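> So the chains spell out like this:
There are 6 protein chains.
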Amino acid sequence: MTDKAAFPQPVSGIVTPRFGDVATFMRLPLFRDPSQVEIGMIGVPWDGGTTNRPGARHGPRQMRDLSTMMRRIHHVTGIAPYELAKCGDLGDASVNPASIDDSLGRIEKFYAKVHAAGVTPLSAGGDHLVTLPIMRGIAKGQAPLGLIHFDAHSDTWDTYFGDYKYTHGTPFRRAVEEGLLDPKRVVQIGIRGSLYNRDDNAWALAQGMRVITIEEYFDLGVEKVIAEARRVVGSGPTYISFDVDGLDPAYAPGTGTPEIGGYTPHEAQRMLRGLRGLNLVGGDVVEVSPPFDMSGNTALVGVTMMWEILCLLAEGIGKRKGRL
Amino acid sequence: MTDKAAFPQPVSGIVTPRFGDVATFMRLPLFRDPSQVEIGMIGVPWDGGTTNRPGARHGPRQMRDLSTMMRRIHHVTGIAPYELAKCGDLGDASVNPASIDDSLGRIEKFYAKVHAAGVTPLSAGGDHLVTLPIMRGIAKGQAPLGLIHFDAHSDTWDTYFGDYKYTHGTPFRRAVEEGLLDPKRVVQIGIRGSLYNRDDNAWALAQGMRVITIEEYFDLGVEKVIAEARRVVGSGPTYISFDVDGLDPAYAPGTGTPEIGGYTPHEAQRMLRGLRGLNLVGGDVVEVSPPFDMSGNTALVGVTMMWEILCLLAEGIGKRKGRL
Amino acid sequence: MTDKAAFPQPVSGIVTPRFGDVATFMRLPLFRDPSQVEIGMIGVPWDGGTTNRPGARHGPRQMRDLSTMMRRIHHVTGIAPYELAKCGDLGDASVNPASIDDSLGRIEKFYAKVHAAGVTPLSAGGDHLVTLPIMRGIAKGQAPLGLIHFDAHSDTWDTYFGDYKYTHGTPFRRAVEEGLLDPKRVVQIGIRGSLYNRDDNAWALAQGMRVITIEEYFDLGVEKVIAEARRVVGSGPTYISFDVDGLDPAYAPGTGTPEIGGYTPHEAQRMLRGLRGLNLVGGDVVEVSPPFDMSGNTALVGVTMMWEILCLLAEGIGKRKGRL
Amino acid sequence: MTDKAAFPQPVSGIVTPRFGDVATFMRLPLFRDPSQVEIGMIGVPWDGGTTNRPGARHGPRQMRDLSTMMRRIHHVTGIAPYELAKCGDLGDASVNPASIDDSLGRIEKFYAKVHAAGVTPLSAGGDHLVTLPIMRGIAKGQAPLGLIHFDAHSDTWDTYFGDYKYTHGTPFRRAVEEGLLDPKRVVQIGIRGSLYNRDDNAWALAQGMRVITIEEYFDLGVEKVIAEARRVVGSGPTYISFDVDGLDPAYAPGTGTPEIGGYTPHEAQRMLRGLRGLNLVGGDVVEVSPPFDMSGNTALVGVTMMWEILCLLAEGIGKRKGRL
Amino acid sequence: MTDKAAFPQPVSGIVTPRFGDVATFMRLPLFRDPSQVEIGMIGVPWDGGTTNRPGARHGPRQMRDLSTMMRRIHHVTGIAPYELAKCGDLGDASVNPASIDDSLGRIEKFYAKVHAAGVTPLSAGGDHLVTLPIMRGIAKGQAPLGLIHFDAHSDTWDTYFGDYKYTHGTPFRRAVEEGLLDPKRVVQIGIRGSLYNRDDNAWALAQGMRVITIEEYFDLGVEKVIAEARRVVGSGPTYISFDVDGLDPAYAPGTGTPEIGGYTPHEAQRMLRGLRGLNLVGGDVVEVSPPFDMSGNTALVGVTMMWEILCLLAEGIGKRKGRL
Amino acid sequence: MTDKAAFPQPVSGIVTPRFGDVATFMRLPLFRDPSQVEIGMIGVPWDGGTTNRPGARHGPRQMRDLSTMMRRIHHVTGIAPYELAKCGDLGDASVNPASIDDSLGRIEKFYAKVHAAGVTPLSAGGDHLVTLPIMRGIAKGQAPLGLIHFDAHSDTWDTYFGDYKYTHGTPFRRAVEEGLLDPKRVVQIGIRGSLYNRDDNAWALAQGMRVITIEEYFDLGVEKVIAEARRVVGSGPTYISFDVDGLDPAYAPGTGTPEIGGYTPHEAQRMLRGLRGLNLVGGDVVEVSPPFDMSGNTALVGVTMMWEILCLLAEGIGKRKGRL
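Chains as they are written, first to last, in my numbering: chain A, 1 to 324; chain B, 1 to 324; chain C, 1 to 324; chain D, 1 to 324; chain E, 1 to 324; chain F, 1 to 324.
Be a bit skeptical, because a hint or two may be false.
Each pair may be met inside one copy or between any two copies, as identical chains are not told apart.
What the hints assert, rightly or not - DMTMM-like, lysine to aspartate or glutamate: derived pairs with alpha carbons at most 20 Å apart:
| hint | residue 1 | residue 2 |
| --- | --- | --- |
| 1 | Lys165 | Asp102 |
| 2 | Lys109 | Asp163 |
| 3 | Lys184 | Asp200 |
Everything labelled a hint here was simulated from the structure, so no lab data went into it. Bear in mind the structure is a predicted one, so any value in this text is a computation, not a measurement.
All chains should be modelled from the sequences, with the hints used to inform the complete structure.
Here you go:
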């Protein structure tokens with residue numbers, strides 16, 4: 001492909017070692033104009049929807065820092081994302097730590113602009129509520145979306161503290177209500193943890209969401225879970241949302257609502273690699289909370305999941321653009 | 001059941017968020033009079049039996065803090081402990097950091113009072129020696145007990161440093177000698193680690209204890225280990241003692257004598273869930289040592305195991321009281 | 001005094017060592033009915049006004065835990081607060097992590113009830129915005145108050161992110177606007193740090209607040225600063241608000257907006273001890289953020305400042321009640 | 001001044017909160033072409049000269065991250081650096097972790113280019129050896145320089161491990177030997193710590209360097225130390241090198257060779273502020289080692305010292321350019 | 001065996017508890033004369049070959065400290081190494097943090113002396129480059145060696161930063177080139193992580209090395225991997241090199257180049273135990289980096305792997321010496 | 001002096017860098033026979049007297065590790081201890097974590113042997129109770145001793161938990177009762193913290209001890225405190241006991257009973273340097289608790305205080321032996 005030469009590339013480790021220089025996602029160039037890229041990596045430094053332990057607002061920076069550990073080519077699939085698509089860091093969405101409503105508006109607006117530029121977004125949260133305004137922003141022309149949702153929690157509660165409708169426990173209920181998600185094309189993987197009420201997950205099930213609890217996950221095994229996820233979302237436009245608390249907290253201690261007993265990063269990698277060829281329109285990794293893991297280990301896990309999703313997105317674009 | 005309305009309930013998250021207010025076990029009310037409850041959650045803030053790294057004396061407070069993450073209903077079994085039994089926090093047993101003997105006496109006395117009030121105790125250690133005075137305190141009318149013992153170590157050494165008989169390496173030998181435990185109804189799961197002497201576990205085996213090393217554990221798999229544990233303890237009164245060092249230290253680094261290569265929390269949860277229907281008279285989670293894990297991650301694992309045991313105990317009481 | 005015998009006392013260390021049992025402020029009993037006490041220690045587990053690093057919502061619990069280090073009698077002044085006043089832990093004010101407005105209302109209501117019961121409140125934040133609803137709650141019959149304000153920041157900004165008026169950078173501007181504070185009876189000690197705008201502190205100065213920057217503080221010395229503070233607040237009703245970021249961050253790293261170059265804890269203790277005999281109506285210690293100092297060292301500093309303020313408040317009550 | 005409107009400015013906190021977006025020094029724009037700025041902030045992510053605890057190679061990134069805490073105007077001097085000079089982040093100098101010699105060459109070359117563009121460099125190390133190639137790079141037309149050197153160590157050893165001449169203990173000896181420094185215009189402040197040999201500092205003294213030990217520092221007091229430093233360097237071109245281990249390790253634990261008993265950050269700030277009006281040609285802050293302080297507290301101290309030096313440099317440029 | 005009585009033994013826990021006294025490997029005596037032992041445990045405190053996060057130079061001390069957790073007899077195989085071979089701590093090899101070349105020479109010389117004394121070395125790194133001079137030192141009379149290599153990385157890159165041939169990414173390429181290793185008798189287990197270039201592992205494969213990626217590892221299972229490793233190395237002299245980053249970083253976070261998704265310590269133990277009876281001539285555990293895990297948990301994992309290898313080596317010597 | 005050539009010397013940094021090799025105190029040789037040295041550095045890894053936060057049992061190892069930062073010659077006094085006296089590491093005293101009484105006996109016996117060999121001991125605790133058996137061990141021929149005692153606490157309580165006489169709060173009361181200390185020759189520096197009872201320090205004062213509270217300390221200043229300490233102990237045999245909690249916890253967070261508001265390390269160094277020429281018979285540094293400061297910063301402070309005391313002791317021996 002003649003245009004590949006001009007694709008943005010990560011800073012060369014020959015000039016500055018990987019731990020050096022300004023930290024951008026994957027050491028890619030920073031663009032303020034989304035039209036320069038096809039895949040835009042975006043931070044959403046906001047945790048105003050967090051009802052328990054805060055800190056995910058600091059996630060994008062730490063994930064950018066640790067993304068330096070990523071190299072250029074996927075060691076299993078051989079996908080070379082920077083040869084298949086124009087990728088770049090688009091900086092952070094504008095947010096307002098003093099207002100949930102204002103932040104929801106700012107984030108939606110940022111993503112609407114990105115979407116209008118034809119960019120596929122790959123985001124780093126932020127708490128899980130950020131997925132809602134992201135979906136609002138990219139809905140045009142493709143909603144309702146399917147969703148592959150890795151998480152310990154269903155995040156389909158209705159309200160909190162009475163009638164507060166916007167927290168990191170409610171985004172997918174809102175998204176269904178708003179027509180952003182097609183509940184029948186939603187699969188949730190890893191759900192667990194004690195319940196507030198017997199019917200915590202009832203609404204999700206009633207809408208037709210496919211909830212794979214961690215117990216079912218272990219009983220089925222990775223391959224069957226992949227097959228089930230593919231079956232659920234089918235060939236329609238699909239979004240991947242990866243909450244790091246789906247993993248066991250030993251692998252991702254830096255998160256706000258840890259639930260013991262999750263899957264391993266290797267298993268998560270296998271699941272993500274099993275999603276090749278789907279019709280993917282974006283993805284995010286959320287709930288990395290640096291104050292609860294200053295070592296950066298959680299961010300490393302999180303950003304490696306971003307790398308896996310990036311390869312999926314780039315392969316899709318490469319195919320569509322005839323670069324493969 | 002008409003009496004359920006008056007059962008103690010955790011503080012509502014609608015009034016104060018889960019991270020708020022005074023930290024009690026499971027956010028339950030604190031009772032100084034044991035006769036108010038059927039299941040009493042008790043701390044034993046003592047590590048005077050520790051021969052290596054100390055700190056488990058700080059375990060109960062950190063476990064109370066992290067117990068805030070627990071909700072009300074078990075997500076797999078559906079058990080709702082606070083509907084099935086009167087549960088409460090009974091505070092900490094009295095202990096004396098300057099004397100092993102005095103502490104053993106104080107702890108036994110505390111539990112004898114609890115036992116006399118008809119309460120089933122669920123305790124948070126403290127080092128593993130605390131299980132001995134607990135057993136002494138609850139022996140009346142039900143000893144010798146059976147024991148399901150999760151641990152990396154057999155804790156059946158004889159003496160230490162010559163003729164010192166009371167350390168966290170000796171409680172179960174003492175318990176057998178004192179007639180508190182029926183060694184033929186003891187099963188130990190996860191035993192491993194290099195040995196001082198070739199016959200470190202010989203005494204336990206000679207008494208008829210069933211020692212499942214971690215190697216045998218992995219070879220058998222969780223289901224067969226559950227079956228074996230149920231076979232060993234049978235229908236007699238049985239106690240569960242969960243030392244967090246039975247888990248791999250990646251999941252529970254905050255402990256005094258870590259041994260690499262243990263089971264995962266999910267596996268431990270599965271094993272505990274496999275113990276439904278046994279004749280359980282109490283349980284404990286021990287050896288959480290906060291100074292070696294200030295993040296609270298180990299305490300979270302520990303207190304989730306308390307939650308699993310709580311559900312088992314509550315179901316048993318609920319059945320006996322005809323509330324199910 | 002005949003009534004002293006019935007004053008609430010901390011749990012005896014002879015029964016349970018200081019690190020044991022449920023953690024309440026100063027190991028005092030927990031009362032849900034404020035009318036039982038004269039000085040009520042209260043947590044406000046909320047950081048919704050934080051524009052930078054969050055986590056102060058976890059402050060009250062960690063401060064309760066570390067308050068266990070406090071004993072009964074002040075080693076310099078000889079004040080024995082539990083002999084001079086009925087003191088107790090009143091638990092945490094109700095808050096809502098998902099709404100600033102709702103939280104402001106809940107907190108105000110909680111304190112109004114405490115105030116109506118004739119209780120002098122001593123609070124543990126939470127971020128500095130919590131001082132605003134506290135002042136609203138206790139305003140009746142005594143506002144406008146004087147204020148002795150220890151802090152690196154003036155916290156008199158107007159708005160944030162456009163027109164957002166309620167953040168931890170604005171409480172004292174709002175309090176003056178609402179008539180809760182008399183700006184001419186406000187003294188701020190330790191102000192420093194680079195500025196957004198040249199006139200960041202202009203509003204405060206224009207209102208007549210006395211701003212002692214850290215540079216002036218070091219030039220004057222502790223004794224003259226005490227004299228100046230006493231002069232400013234005079235004999236009217238006065239509140240003490242201690243933001244731990246007034247201290248150098250080496251002493252209080254667990255805070256959201258550290259500014260290097262502050263005073264030492266010993267100096268702060270001297271300043272607080274210099275406030276004996278003022279007409280004090282309450283106090284707080286805010287901005288302890290446990291996720292940024294899991295060791296508890298910051299909380300220990302914070303709670304020792306609470307102890308110093310407690311002794312001041314108790315002496316005042318003791319005098320008024322004729323117990324001295 | 002008409003040209004000020006076009007000066008680079010930090011990202012506005014109204015668009016993205018200070019903890020958000022890609023971390024550059026002081027949130028300034030990143031320039032790859034040095035001719036765009038007058039003051040260039042540069043990282044040197046290299047610790048190949050470290051003979052004890054490594055990690056300073058990670059310093060620039062963590063200092064960029066914490067520089068987010070800096071605002072726009074100096075709260076004591078009123079200096080507004082971004083109005084007085086064109087400031088920007090120039091990224092990191094190229095280095096080679098596998099070769100001291102190659103790194104010395106790469107760094108010198110980078111700075112020579114910066115110097116040729118007329119830029120005043122303000123750098124973040126890296127270990128203290130990086131100051132040598134920086135000085136080589138900026139020598140042209142202005143060497144030998146004067147030096148104000150804050151440090152616990154004289155860094156004028158000769159060789160290490162036999163005949164190895166390039167370590168973080170030797171840069172200023174080499175610089176004198178090479179004619180980069182005028183030893184009679186060098187002042188070192190805070191020197192302390194046990195000695196290898198009785199004459200460890202003899203060479204420095206013999207060259208005419210002014211060595212102010214920490215003991216003399218405390219005896220003289222800040223004002224006299226400032227006067228002495230100004231006297232020593234006079235009106236000639238002068239460089240400021242600030243090793244964070246000159247501070248007491250309580251304030252800067254994240255460093256490779258801590259020596260207890262140093263000055264405080266406030267004292268260091270006062271000393272730096274005392275250097276206004278000197279003929280300053282550059283500065284650096286070195287030996288921040290993130291692996292030894294993942295909290296970022298040391299980096300915050302370090303980057304605040306960069307802010308102080310930045311204000312000095314900008315004022316000088318502002319004066320020379322007639323912008324004041 | 002009559003000579004066993006005089007074998008060096010670990011300090012008795014009856015005299016000083018295991019956490020006490022000077023920390024040597026396994027609490028064995030320290031010998032400066034290698035001729036006193038048959039198995040010499042050696043530290044190589046050097047990380048000059050590290051291209052990313054440094055700190056492995058501090059590995060040997062922390063591993064000695066944690067080795068205190070090891071006891072005397074293997075709990076699965078029953079091997080009692082101190083009865084089968086004369087074991088001791090030989091201190092650290094001489095190194096030079098200021099020179100790669102000098103260090104390579106010093107290390108080789110140290111090991112050549114050890115080898116000449118007939119000692120089997122078991123080493124604690126240091127970064128992985130140290131394996132190269134170790135192999136040079138022990139080559140005489142037995143090279144080319146076979147290698148069982150546990151690692152996330154192949155460490156067979158050619159050069160770095162142009163033409164720098166000696167980094168922790170290149171030792172095994174150099175070793176093959178120098179005839180120290182027989183590539184056809186090399187097996188690598190656990191290789192993974194994104195690639196710089198599509199052919200990163202091509203050279204290794206072209207030489208005939210057997211590369212078992214982590215994906216193949218999980219597909220084969222532990223038993224088949226053991227069989228394959230045994231097949232590859234056959235009966236010739238073989239070295240074991242265990243890089244802790246082969247493990248999942250949850251188990252070994254204290255390392256320089258973590259790659260998520262590795263094996264567990266239990267699996268590694270099983271693999272090592274599967275190597276009994278091979279013709280083993282030495283081993284090492286490398287890349288433990290204490291600054292990235294001050295808790296010592298990574299060092300505990302590392303030193304337990306040393307214990308496993310020690311038992312293998314001692315059994316081999318015991319057999320050859322007719323002590324079994 | 002002709003015998004100096006044979007004095008034990010620290011391991012040369014030319015052979016192995018300071019962070020390398022087995023960690024002994026000050027990198028000195030380890031001797032099991034005390035008669036080889038004149039000054040013996042000894043660890044007492046025991047915290048059985050700790051009534052609050054444990055962990056000081058791990059102090060000696062961490063202090064040995066950090067002692068590597070010490071060099072050979074005092075930078076202020078010029079004292080070269082290894083030229084003035086035969087110094088060595090004597091390992092750790094035998095202790096028993098399972099028994100206070102047995103440990104007191106073991107420690108006394110160890111020191112009696114050291115004392116009988118004519119050795120001046122310099123010890124690293126352990127908790128403060130260890131000073132009691134040390135004093136018992138060295139009493140022969142020189143008791144009652146004078147004492148210069150740096151601490152936040154008087155450590156002269158009578159009993160704990162009823163009638164328990166041996167805790168880290170009681171050693172100096174016991175020592176006076178046993179005739180080991182002459183209370184009129186005891187000075188305590190830095191006493192502070194809230195009190196259990198109004199007369200907590202009454203006993204000490206009644207015996208004639210000179211108690212310098214931290215408030216008096218700051219009022220007097222270092223020079224007058226030195227003069228007062230010298231006046232109190234006079235020319236009789238005197239022991240120095242340095243509890244790191246006398247320092248402000250910002251400098252020594254790794255300790256069991258922190259009290260905010262202490263002196264700085266520089267001030268402590270000045271005080272110790274002010275004790276030259278006294279008749280010193282030994283010293284200790286106690287209460288370094290590594291689990292509460294894994295960074296080693298507290299141990300570095302502690303071991304630097306050991307270095308200061310070592311220089312005092314060596315100078316005294318040098319004078320007596322005519323080596324000066």
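> Are there hints from earlier that the structure breaks, and if so, what are their numbers?
Violated: none.
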